[in-house]
Amino acid sequence: MKVDETIRTDTPPERAARKTGSFLPRLQLGADHDLCPGCGEPVALRILLEAIEAVGCAENSIGVIGIGCYTALTPLMDVDLVQALHGRAPSLATGAKRMKPETLLFTLQGDGDMVNEGLQEVLHTAARGERVTCVLLNNGVFGETGGHMTSTTVLGQRTKNTLEGRDASYHGHPILIGDLLAQLDGTAYAARGAVYDAPSVARTQVMLRRAFEAQLSGAGFSFVEILTMCPTGWFVPTAEGPGYLSKVMGSVHVTGELKRDGQFTPTRELPPPEGVE
Amino acid sequence: MTRRLLEGSEAMVEAALLAGCRFFAGYPMTPFTEVLEHFAAKLPAAGGTCINAESELEAIGMAWGALATGARAATGSTGQGLALMQESLSEITRAELPLVVFHMARGQGDYYQATRGGGHGDYRHPVYAPVDVGEAVELTQQAFDLADRWRNPFVLYGDYLLAHTAEAVAVEPLACPPIPEKEWAVDGSLSGSGRSRNVNSLGMTKGRKGIEPEAFWQRLQAKHDQMAVELPRFEAEHTDDCDLLVVAFGSLARFARHAVRELRRDGARVGYFRPVTLWPFPTEALALAAQGVARVAVLEQNGGQMIDDVRLAVLGSAPVVPIGGISSDDAGFGMGPLLDPVNVRIRVSGALAGTERAA
Amino acid sequence: MSEAAVVTRGTVTVAAERCKGCELCIPACPPQVLRMSEAHNGLGFAFPKLLPGCTGCGACLLVCPDFCFEVYKYEEPIS
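Residue numbers (this note's numbering), protein chains in the order written: chain A, 8 to 284; chain B, 3 to 361; chain C, 23 to 101.
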C-alpha cells in the first residue's frame, strides 16, 4: 500500500462536511485514562454518558460508583458522583434517590463488585423497586486485582485462581444476575448488552435509554448489563477481545432484553447472538 | 414545655427529628429495635424516609447515600450490627460525611469497638455516652449539629437500660448556630456544568487522574487531632477533695454517682468522674482529677475496656483498680446484677478500704 | 482492494497521539478503510490511517476505547 493513498486525518476536513460524531460525549471531561488497550469499559462509558443526555438528564443526574478498573474513569465524568465501597453502590443509590427523587440515579459497577460482593444489595434494591438504574460492566473477571474468578466467570474460563479453567464441580456455576433481577416484581426493565462491535454498542445504548426511561417514568428498578472486553484478564491478545466476548462470554451471558413491559424472558429463551451456534 | 414519659429510644428519635434528621435505615436487633420502630412511625410525618434495610451492612450504605446528597441521616444497631458496619463507618469518616449512629449496646462491652473503631485505617469518630434520657435528648441533637460542623460521624452509645427506661423529659430543640452551606454535597445540579463533584474518601477529583491518599489522610488526621482538643466532655463531683475517685460511663455511671453521693453523706472521701465523650476521652480532666487521689476505681460492665483510657490518663499517679466486671441477664442483653444501687455501693465501699490518708 | 473508483462519503479525524494500538477499529469498519500505521505515536503505538471509501458511519467511533475518532459526512460524496 502506497503511503500517499491514505487520507489526512490529523485535522478536520476542508471539504464541506457535517460532523456526525464528536470525540467525546457532552458529559465527558477528557479522554486521558490508563485502562488497557482494547478495554471495553471506556466504550460502555461513552454510551452511558450519551444515554444520560438523550433522556434529558445531563444536568440532573447522580452516579454511584463501585470499585474496579472503571473507578479510574470517574475523573472524566461530568456527573455528580458518590464513590461507594465494593458491592455497596445499590444501597447508597437507594438512600440518595429517596432524598433526591427527581434526579436520574444510576450505579456503575463491575461483575466482581455487583455479583460477588454486592449480590444482596442489588437483589434487595430491585425487590424494593427502587427507582434507580444499576449498570453492570461484566467482563467475567476481577480485573483490577489482576484477573480472578468472579461469579460470572464462565465454565472453562482460565483466570488466576482457575488456572485449569473454571470447573463446575469445584468452582460452581456462573450466576446470571440479569435473570435473578428480572424475575423480581420490583424490576421494570432488565437487559443485557455488549460492546464487541459497532452494532452491539448501538443496541446497548438503546437498552440504557430504555432503562433510564423506566426509572424516570417511576415504573421501578431498571438494570442494564454490558459485557465488556478484558483481554488482559482473559489472557488473550487485544485483537481477540471482541471475539472472546461474543463467543465465550456471549454464549453464556446471552444478550437481549430480559424484562420489559412486565414480560420476563429468561436468558435460556433468548435467541443466540448472531454468528454464534 | 411539657414533660412526657418517654422511653430513651423514643426520646432520642424525637430529638433526632428536631435536629432535622430526615433519613434513617436500620435492621431490628435488641436493644436497638425500638429506635427503628420510632423512626418508622415518626419520620414520614416529618417528611423523611425510614427504610427497613436487608441487613446492617445495607442500612449504613443507605444512610451514606442520603448523607452524600446533603441530608441529615442516621443509622444504628447494637454491637453485633455495628460490627458489620465498620468498613463503611471508616469510609464514611474518610469521606467526611456527618453520619449519626445510634449504638444501643448490650451493656458496656462495646467500648473498645466504639472508641477504637473496628474499621480499617486511621479514623476517629466522637462517641457520646448519655447517662440518662434527658442527657440523651441533648446529646442526640448535639451529635447532629457537631457532625455537620466537623463533617464527621458521631456515635451515640446507649444501652438496654437507656433504650427501654421511660423518664419524664421535655424534648426541646437545642439552640445551635447555623451551619455553613454543604457545597460538597451532590444533588445532581452540577452535572454537566464542568464543576460536578465526587463525594469520596480518597481525595479523587474531576479532571485529574489518580489519588493522593497521603495528603488527604494527613489532613483528616489533623482534623481529628483538633477534635480531640475541642470536644472532650465530662461530669465530675468532689474530685478536689477525695481519696477514692470512681470513674464510670453511661447508664452504669448513674449508679456510681448515686453511690458516691450516698457514701459522701456518710462521711466518705470519695469522688466521681464520668466521661461524657468516650472519644475523645477527657484525658486531661481526668489526669487533673486524679492528682492527690489515693486510688482510682473503674466501674464498668465489661472485662476491662475503659480502664485502659483511665490508666493512660492517670499515668501512674495513683493505682487504678477495676471494680466492675462482666454482668448480664439470662438473655445476654446486659441487664445484669451489677446494675443495682446496693451492688454498686458495695463495690465502691470495698475500694474505699485502705485509702484513708494518714492524719 | 479494487482499483475501480471508490466513493468516499465521509471522513474521520483521528487523535493519533492517544491511540493505544488496540486495533479494534480495523475489523469494526464496515467498508474496511482503516489500516494501522507504520509509524508510532508518542506512546509507542501504531495508530489508524484512513483509505478512500469512508462512509461516515461512525462504527470506529463507537468501538474505540480511547476516544480517538471524530466523524464527518461530506455534503457531496467524492468519487
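Among these hints, one or two may not hold up.
Chain C is nowhere near these chain A residues, computed Cβ spacing over 12 angstroms in every case [unchecked claim]:
| id | residue |
| --- | --- |
| 1 | THR13 |
| 2 | ARG15 |
| 3 | GLY28 |
| 4 | GLU109 |
| 5 | LEU191 |
With a Cα cut of at most 30 angstroms, we get these calculated DSS-like pairs of lysine-lysine [to be verified]:
| id | chain 1 | residue 1 | chain 2 | residue 2 |
| --- | --- | --- | --- | --- |
| 6 | A | LYS26 | A | LYS167 |
| 7 | A | LYS167 | C | LYS95 |
| 8 | B | LYS225 | B | LYS208 |
| 9 | B | LYS184 | B | LYS208 |
| 10 | B | LYS211 | B | LYS225 |
| 11 | B | LYS208 | A | LYS26 |
| 12 | A | LYS167 | B | LYS225 |
| 13 | B | LYS211 | B | LYS184 |
| 14 | B | LYS184 | B | LYS225 |
Treat the hints as calculated values from the structure; they're not laboratory data.
Please read all numbers here as calculations on a predicted model, not as lab measurements.
Here a beta-carbon is modelled for each residue, glycine too, at the ideal position from N, C-alpha and C.
In rising order, the numbers of the hints this structure does not comply with
1, 2, 3, 6, 7 and 12
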